[in-house]
Each structure stands twice: as structure tokens, then as C-alpha cells.
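S.K.: Listed here are the chains, written in short residue letters.
2 protein chains.
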Amino acid sequence: MAKIVMKFGGAALASSEQIQEAARKAIAEKDKGLDVVVVVAAMGHTAKEMKMMVHQLTDDVSKRELDAVLSTGSQLSSALFAIALQEAGYEAVSLTGWQAGIHTDGMYRQARIDYIDISRMEEHFAQGQIVVIAGEQGIDEVHNITTLGKGGAETTAVALAIALEAERVDMYTNVDGVYTADPRYVPNAQKLQEISYDEMLELSNLGSHIIHPRAVELAKKFQMPVIIRSSLIESVGTLLKEEVEMEKNLVVRGVAFESDIIRLTVGYDAFSNASLADIFTVLAENRINVDIIVQAIIDGLKPTVSFSILKEEFAEALRVLEDSKLSLGFSFADFEIGLAKVSIIGSGMASNPGVAARMFDRLRRENIPVKMVSTSEIKVSVVVPQDDMIQAANALHDEFNLEQALYI
Amino acid sequence: MAKIVMKFGGAALASSEQIQEAARKAIAEKDKGLDVVVVVAAMGHTAKEMKMMVHQLTDDVSKRELDAVLSTGSQLSSALFAIALQEAGYEAVSLTGWQAGIHTDGMYRQARIDYIDISRMEEHFAQGQIVVIAGEQGIDEVHNITTLGKGGAETTAVALAIALEAERVDMYTNVDGVYTADPRYVPNAQKLQEISYDEMLELSNLGSHIIHPRAVELAKKFQMPVIIRSSLIESVGTLLKEEVEMEKNLVVRGVAFESDIIRLTVGYDAFSNASLADIFTVLAENRINVDIIVQAIIDGLKPTVSFSILKEEFAEALRVLEDSKLSLGFSFADFEIGLAKVSIIGSGMASNPGVAARMFDRLRRENIPVKMVSTSEIKVSVVVPQDDMIQAANALHDEFNLEQALYI
Chain B
1 MAKIVMKFGG AALASSEQIQ EAARKAIAEK DKGLDVVVVV AAMGHTAKEM
51 KMMVHQLTDD VSKRELDAVL STGSQLSSAL FAIALQEAGY EAVSLTGWQA
101 GIHTDGMYRQ ARIDYIDISR MEEHFAQGQI VVIAGEQGID EVHNITTLGK
151 GGAETTAVAL AIALEAERVD MYTNVDGVYT ADPRYVPNAQ KLQEISYDEM
201 LELSNLGSHI IHPRAVELAK KFQMPVIIRS SLIESVGTLL KEEVEMEKNL
251 VVRGVAFESD IIRLTVGYDA FSNASLADIF TVLAENRINV DIIVQAIIDG
301 LKPTVSFSIL KEEFAEALRV LEDSKLSLGF SFADFEIGLA KVSIIGSGMA
351 SNPGVAARMF DRLRRENIPV KMVSTSEIKV SVVVPQDDMI QAANALHDEF
401 NLEQALYI
Chain A
1 MAKIVMKFGG AALASSEQIQ EAARKAIAEK DKGLDVVVVV AAMGHTAKEM
51 KMMVHQLTDD VSKRELDAVL STGSQLSSAL FAIALQEAGY EAVSLTGWQA
101 GIHTDGMYRQ ARIDYIDISR MEEHFAQGQI VVIAGEQGID EVHNITTLGK
151 GGAETTAVAL AIALEAERVD MYTNVDGVYT ADPRYVPNAQ KLQEISYDEM
201 LELSNLGSHI IHPRAVELAK KFQMPVIIRS SLIESVGTLL KEEVEMEKNL
251 VVRGVAFESD IIRLTVGYDA FSNASLADIF TVLAENRINV DIIVQAIIDG
301 LKPTVSFSIL KEEFAEALRV LEDSKLSLGF SFADFEIGLA KVSIIGSGMA
351 SNPGVAARMF DRLRRENIPV KMVSTSEIKV SVVVPQDDMI QAANALHDEF
401 NLEQALYI
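Chains B and A, in that order, are what the protein sequence lines are. According to UniProt numbering, the residues represented by the first sequence are 1 to 408, in order. According to UniProt numbering, the residues represented by the second sequence are 1 to 408, in order.
I should point out that these hints are in silico values taken from the structure, not numbers from a laboratory. Since the model is a prediction, treat every value here as computed from it, not as a measurement. None of the hints are false.
Chain copies aren't distinguished; within one or between two, either way the pair holds.
Below, in silico cross-link-like pairs of lysine-lysine (DSBU-like), each with a Cα-Cα straight-line distance of 30 Å or less:
#	residue 1	residue 2
1	K25	K48
2	K63	K311
3	K63	K48
Kindly generate the complete structure, drawing on both the sequences and the hints.
M.R.: What follows is the structure, encoded as C-alpha cells:
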């Protein structure tokens with residue numbers, strides 16, 4: 001039988017009424033004759049409340065125990081969701097990560113899925129049951145409970161869809177689809193009917209918090225169709241797939257932006273070809289996400305490298321750099337806070353030279369200083385002062401005529 | 001290395017401060033060179049809050065899903081407890097029921113432990129870790145999460161102690177030991193230094209809510225020493241063991257009482273020797289605990305049987321009787337609410353005739369009507385009007401000179 005995976009985040013499950021509403025959506029799919037898997041995150045602010053309880057006990061929690069704490073959140077919501085389905089007259093069963101056969105590596109707080117044993121889920125399908133799975137969690141090789149960290153529930157949903165050979169994943173979010181820019185800040189933003197994995201990946205990586213890039217990457221790798229739709233209203237949503245038909249003259253497909261960026265700069269005591277790799281290796285080992293990297297080697301000055309990170313990883317990044325500065329031969333130089341990143345994205349960009357130049361020119365005319373630049377085949381990102389972020393986003397949305405992106 | 005199992009209930013874990021205080025008690029035992037297992041219930045009112053969440057979704061929850069909900073409570077508190085131990089500088093690890101190797105039957109809400117695989121716990125001991133276990137839960141043969149129901153955390157603690165061949169179990173409660181009667185209602189009550197399993201079993205069955213009879217039964221079966229002590233103050237507590245030295249002339253060791261008893265009476269349409277067994281078989285199959293049973297066969301009248309149950313099982317008992325009255329050939333006759341049970345307990349009772357007579361005589365002099373009577377080798381219970389319960393308890397405490405029970 002054809003299968004569908006549906007994912008609901010914490011904001012869509014904050015109350016009994018919301019759980020019942022989400023359950024109705026699952027039932028609608030079941031009534032179409034599909035086998036339904038529901039993946040749920042922890043209800044509302046549960047995770048935050050649990051972190052506060054932990055914080056009352058320690059400032060330095062072991063990651064294993066934090067995972068043991070946090071995993072109870074989605075476990076609870078999965079059981080409540082199953083209860084709501086049963087109350088509506090449908091057969092349902094809740095499964096924790098380990099019961100669902102989700103096996104991960106042992107990296108607490110940000111575990112990666114190794115494999116999924118679908119045998120138990122298949123048994124429940126055979127009994128006509130809707131299967132509700134606690135998202136964001138699994139077990140490692142020695143049966144410790146792990147959580148998947150950011151984007152965990154979405155990644156779980158995509159991974160399950162792949163393992164179960166489902167038709168698609170429906171990601172229920174607080175938006176009704178993917179827009180050319182965040183409509184809360186860019187009034188002319190338009191909803192897209194379809195978007196390619198690559199474009200969505202750039203959008204996700206560039207601060208659009210609709211869906212986590214991990215989930216998009218995984219969907220792309222296995223060509224799993226994903227629909228971004230609203231948990232609040234009925235909507236067709238936006239379909240993520242490999243190839244998207246687009247207007248030839250629309251080179252740029254969207255504008256993304258993200259605040260709370262910090263630029264860190266380190267100076268080399270002695271530069272070698274290995275230095276650059278060493279710094280980013282140690283940051284990667286500590287799972288600090290470095291975004292834009294700019295290296296400057298100017299005669300007469302110490303060589304420096306600047307890179308941008310998220311504000312929330314600032315303290316940890318400083319600690320890591322401090323711990324390894326002697327062994328790696330660099331010294332901490334400078335940091336700048338209060339920055340934001342604004343990006344333009346579009347698969348057609350690679351074959352259209354001059355897009356970046358047009359972007360910089362418009363920002364110059366808007367009197368917005370550009371602090372860092374990063375480009376890929378399908379996007380250009382700039383780091384600008386946070387205060388200029390909204391203005392920059394609207395200006396670029398206008399510059400590339402995105403208000404004409406009539407894909408709906 | 002010698003091992004100890006310590007059990008903390010929800011009331012002893014209601015706040016961060018209480019968790020830290022309980023953790024200090026565990027550390028004190030670890031510092032004595034013992035391997036320490038801590039068994040915890042869900043924090044404070046967690047279980048009640050979760051049941052309310054479930055109640056908002058349904059009035060008829062599936063037991064499997066209710067267990068999935070409730071198991072998250074002790075899972076959370078076990079992780080928080082481990083975090084408190086780590087913060088104090090001790091190695092600790094939290095384990096869920098299934099991680100701790102606790103295998104149960106598949107009877108949700110009141111599962112029984114089949115066996116415990118101690119291999120994982122032994123690994124943690126070998127690493128010097130204090131092991132904190134989510135009480136009240138396990139997994140069944142097909143890996144569903146089960147909870148053990150009433151007395152679950154205490155039963156888990158005793159079962160773990162037996163499996164691990166621990167020295168003893170320390171049950172931390174809100175009282176500092178076992179008294180000749182509940183000192184809140186019987187001012188002359190005295191604390192006992194020791195009490196036999198059998199006496200404790202009678203006390204537990206007779207409404208003393210210090211420790212659940214399931215746990216006492218299990219401890220008795222494997223001769224596991226148990227200390228009842230206070231989570232609030234330092235105290236030596238009361239030791240449960242097989243043989244207790246007692247004053248020869250103290251035939252009665254304690255007075256127990258319990259309110260909210262209901263007497264149900266059914267009448268037989270046609271009586272046969274099988275009838276009695278049939279009724280109580282069907283009640284037992286539905287896990288309704290029947291306490292005192294009185295059967296009356298009077299010439300010219302329909303035979304009747306009366307039995308007492310707890311108020312909370314009243315609705316379910318009525319349902320069961322209603323469902324089976326046709327097949328079993330009886331009709332519901334009567335019930336009486338607002339009753340209480342008062343009991344006297346003592347191992348020396350069997351060899352001292354006249355104890356029951358002395359009890360009835362005193363109650364008659366106090367003008368307290370006796371509705372039902374039940375006796376065993378070491379106790380006599382009477383059912384009286386609930387309004388007379390405290391008076392009866394104090395009178396019997398006085399009658400058998402328990403204020404002289406100086407065992408402290």
C-alpha cells in the first residue's frame with residue numbers, strides 16, 4: 001500500500017486542540033487509503049521548560065543525560081497524538097525512536113541516523129494502524145538514547161519516508177509554503193508552487209527556517225518529494241523536487257536573510273598551507289558551523305582569516321579557539337557582532353553572469369555596506385549590518401523583480 | 001563490590017532542591033564504597049498532570065498509550081537525578097526500564113516483572129557510575145513500554161536488589177519509619193525498629209500506604225532486607241526482615257486503618273459450589289482487588305455474598321458484575337459506601353486466643369458497629385463506619401498497650 005509520512009512541529013502541537021486538529025489531517029490521508037506515518041516533535045515549549053529544569057541543576061550538563069531528558073518530550077507528544085487518533089476511531093500506535101528502529105551514531109545532541117529497521121512499522125501497517133513516531137531521537141549501537149538536534153524531526157520524517165519507500169513527506173509548518181522572501185518582512189513576496197532541492201537547500205542554509213537543510217539534503221539524495229504546507233490552514237503548499245520549470249528570465253528565485261551573525265577573525269602567528277585546514281578541522285570536530293570564510297594575506301601584515309558563525313555558537317567557538325590556539329599557532333584577533341546575512345538564490349544564476357555585480361550595485365545605491373561575500377553556483381550571500389537587513393532584502397526582491405514570480 | 005538500591009518517590013523529587021538533596025543521600029552511600037542503584041518515580045505531580053493531558057483528549061484511553069505517556073515521567077526524573085549527581089562530581093548514568101533490562105509481561109498499567117538482565121548495569125558499575133533507573137516501567141516481549149502500576153517504583157527497587165544481589169533496599173518515604181499506628185491520627189503511636197515481612201505485608205494491605213504490599217511480598221520471597229526511612233530527615237528508619245524479636249507480652253504490633261471502603265453484595269439466582277469461585281474469578285480477571293468476603297446462606301432467603309473493595313474500583317467492579325451477571329447467574333443486590341477498615345496486626349496473635357474477642361468487646365464498649373470481619377493468622381480486620389475510624393484506631397491502640405512498644 002502507498003505510504004505517506006507527515007511531520008508536525010512543536011508549535012503545531014502546543015495544545016490538545018492542536019493535537020486533535022493535526023490528528024484530523026492524518027486521518028484525512030488514512031481515509032484516502034494510504035499507510036500513514038506521523039512524526040512529531042515535543043509539544044510547544046516543552047523542550048525549553050526541560051532545559052530550564054536542567055539549568056536549575058547544572059550549567060554543564062552531560063550531553064547523554066540532556067538527550068535522555070529531551071527525548072521524553074516527543075515521546076509524550078507521540079503517545080498523546082496516538083490517543084487523539086484512537087479517540088477519533090482510528091487504530092494507532094506510538095513508537096519511540098528505538099521502537100521505530102531508528103539507529104544512530106553515538107553523537108549526543110546531534111546524532112546522525114545510521115539505518116532504520118522498518119520491520120516493526122510494517123507489522124503495525126499490516127494491522128491497519130497509523131504509526132506515530134517520536135521525532136528527533138534514536139538509539140546508538142550500545143542502546144543509549146540519542147537526539148538528532150536541529151531539524152531532527154524533519155530529518156527523521158524524510159529518513160523514514162526513504163526507508164519505507166513512501167510517496168512523499170508532508171511537512172506541516174507555520175507557513176503555507178515557500179515564498180520568494182519572508183512575507184513578514186518583504187510585503188511583495190510571492191508563494192512558489194515548486195522549488196528545487198538545491199534552491200531550497202540554499203534557502204534553508206541562508207536563514208529561511210521553514211525546513212532544516214539536513215532534511216532537504218537527505219530528500220535530495222534520495223529524490224524524495226517533500227511538500228511544505230500549513231498546519232493552520234488548508235493549502236496546496238510548495239513541492240520540493242529535483243527539476244523545477246521556471247521562467248527563463250527569472251534568474252533569481254528568492255531572497256533569504258538571517259540575523260544574529262557574528263564575524264570572528266583570527267591572526268596566524270606563522271602561516272603555512274596547513275593552517276587554514278587545521279582551524280576549520282578543530283571547529284568542525286566541535287560541531288561549530290562556520291559559514292562564510294574570508295582569508296586575507298597582505299604583505300607586511302600578519303595573515304588573517306575571518307569567518308561567520310551564528311550568535312548561539314559564539315561562546316563555544318571562542319572556547320574551542322582559545323583551547324587550541326597554542327597547538328595550532330594562531331591568536332584570536334577580533335570579532336564583530338550585530339551582523340546579518342542577506343542572500344539571493346536561483347538555479348539560473350550560474351548561466352547568468354553579472355548577477356552578483358547587480359546585487360552589489362543595488363546595495364551600494366541603498367548605502368548598505370557589505371562586510372563579507374560568499375558565492376556558490378546558485379546563490380550570492382552578503383554580510384551586512386543587522387539594522388540594514390530588511391531594507392536590503394526588500395531592495396533585492398525589487399531589483400530582481402520577484403514580485404512577478406507568479407507560480408501559484 | 002557490595003551494592004545498595006535506594007528508592008525515591010515523586011514527593012521526594014518534586015523540585016530541583018529535593019533532587020539535589022536526594023542525590024546527596026545517594027552520594028553518601030557511594031562514599032561508603034558501595035555500588036549504588038537509585039530508583040526514581042516521576043517528579044511530584046507529573047503523573048497527575050499527564051493524566052489531565054490525556055483526559056483532555058479522551059475518556060477512554062488505551063492502556064498501551066497511557067503507559068507510553070506515563071513512562072516519560074520517571075524517565076525525565078532519572079535523567080535529572082543523574083545530572084544532579086554529575087554536577088556534584090560523581091559519575092552517573094540514567095537508564096530507562098528497557099535500558100536497565102527490566103522485562104515484564106504485557107499487562108499494561110499493572111505489568112509484572114518477568115526477569116531482569118543485569119549485564120548493562122554491571123558495565124556501569126565497573127566504570128564506577130551510580131546508576132539511576134526510571135522506576136515503574138519495563139518492556140514486554142514485543143518491546144512495548146509497560147508500567148508496573150501501584151507500588152511500581154518500590155517493586156522495581158526490590159526486584160533490582162534481588163537481581164543484583166544487593167545488601168539491602170532503602171525506601172525513602174515521607175515518614176521516618178513504621179509506627180504502631182499512623183501518628184497523625186493516633187497520638188500515642190510508637191516507631192518500630194524492626195518489623196517482619198509478614199507484619200509489614202498486613203500493614204501494607206491494611207491501608208498503611210508507607211510501602212506497597214507487592215514490594216513487601218517480593219522482598220519476603222527473596223529475604224531481601226528493606227529499610228523504610230525518611231527522605232526529609234536523618235533517621236535510622238525501620239528494618240523489614242524475616243524474624244523480629246519482640247516482647248512476649250506484646251501480642252499486637254500495630255493498628256492500621258483505611259477509609260473509602262465500599263461493601264458490595266450480590267444475590268445468587270441459583271447457588272452452586274462453583275458460583276462463589278466464578279464471581280471472584282471474573283473480578284480477578286479484571287484486576288479488581290477484593291478484600292473481605294462474607295457469604296451468607298440463610299434458609300428461605302436467596303444466598304448472598306458481600307465483599308469489600310476500594311472506592312476507586314467501584315465503577316469498574318459494577319461494570320464487571322453487570323456484564324457477567326447473566327452468564328454467572330447472580331443479580332446485583334446492594335452496596336454500602338462510607339465505610340472504613342480498622343485492623344490489628346501481630347505475629348504473636350496466632351498463639352494468643354481471645355485477641356479478636358477483646359477487639360470486638362472494646363469496639364462494642366466504644367459503640368462502634370462492626371459491619372464485616374476478616375481474620376488471618378496475624379491480623380484481625382473489621383469494617384466500621386468511616387466516621388468511627390479514628391476513634392476505633394485509638395481505642396484499639398490503647399486496648400493492646402501499643403504506647404509501650406518501645407523498640408526505638
